[in-house]
Amino acid sequence: MIRETTKKIIQIKNHLLTARSCQKSYADRRTKPLEIEVGDMLLLKSRLVAYTLELPEELKGIHSTFHVSNLKKCLPEGDIVVSMEEIQLDDKLHMTEEPVEIVDREVKRLKQSRIPIVKVR
Numbered sequence: 001m002i003r004e005t006t007k008k009i010i011q012i013k014n015h016l017l018t019a020r021s022c023q024k025s026y027a028d029r030r031t032k033p034l035e036i037e038v039g040d041m042l043l044l045k046s047r048l049v050a051y052t053l054e055l056p057e058e059l060k061g062i063h064s065t066f067h068v069s070n071l072k073k074c075l076p077e078g079d080i081v082v083s084m085e086e087i088q089l090d091d092k093l094h095m096t097e098e099p100v101e102i103v104d105r106e107v108k109r110l111k112q113s114r115i116p117i118v119k120v121r
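Residue numbers for the sequence shown follow the UniProt record's numbering, so the first one is 1 and each next one is one higher.
Worth flagging that the hints you see were computed from the coordinates, not collected in a lab.
Among the clues, some could well be false.
[Claimed, not checked] Quick list of in silico lysine to any residue cross-link-like pairs, SDA-like style, CA-CA up to 25 Å:
id	residue 1	residue 2
1	72	101
2	60	13
3	13	23
4	72	37
5	92	47
6	119	82
7	72	100
8	119	86
9	8	23
10	13	2
11	92	104
12	60	92
13	73	42
14	72	111
15	73	23
16	92	23
17	108	92
18	92	27
19	108	118
[What the hints assert, rightly or not] Derived DEER-like restraints, expressed as beta-carbon distance ranges:
id	residue 1	residue 2	range
20	99	22	18 to 26 Å
21	5	50	43 to 51 Å
22	106	66	47 to 55 Å
23	66	17	23 to 31 Å
24	101	73	52 to 60 Å
25	111	16	47 to 55 Å
26	8	87	42 to 50 Å
27	78	111	40 to 48 Å
28	56	26	36 to 44 Å
29	112	25	35 to 43 Å
30	110	6	41 to 49 Å
Built from N, CA and C at the ideal position, the CB exists for glycine as well.
My request is simple: use the sequences and hints to build the entire structure.
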């Protein structure tokens with residue numbers, strides 16, 4: 001049984017090496033070597049994935065650069081000012097908050113599942 005397992009492992013490794021070699025040769029055929037000389041004009045393709053925010057003095061221990069996936073647009077209703085004493089952070093600097101009341105409930109139905117949605121205040 002051990003010999004059979006060892007043979008199968010060797011066979012799997014060989015198949016993986018063959019597949020890796022085929023993928024590498026395909027990728028090598030499709031890419032052109034980039035030859036750059038001094039004075040050539042280049043196009044740099046970039047996109048914004050992080051923003052640096054000006055944080056209040058109370059948050060000076062938190063790094064001010066955030067990935068765009070962590071930022072959400074806020075549509076305030078009037079002036080909203082939250083004092084730092086009201087915000088509770090856990091050890092991973094995630095905000096913890098307790099719901100005050102349940103405003104609305106609904107169940108979103110998908111093909112094979114149902115997702116309960118609760119709106120709290």
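Hints broken by the structure, by number, lowest first?
Hint check: 2, 4, 5, 11, 13, 14, 15, 16, 17, 18, 20, 22, 23, 24, 25, 26, 28 fail, others pass.
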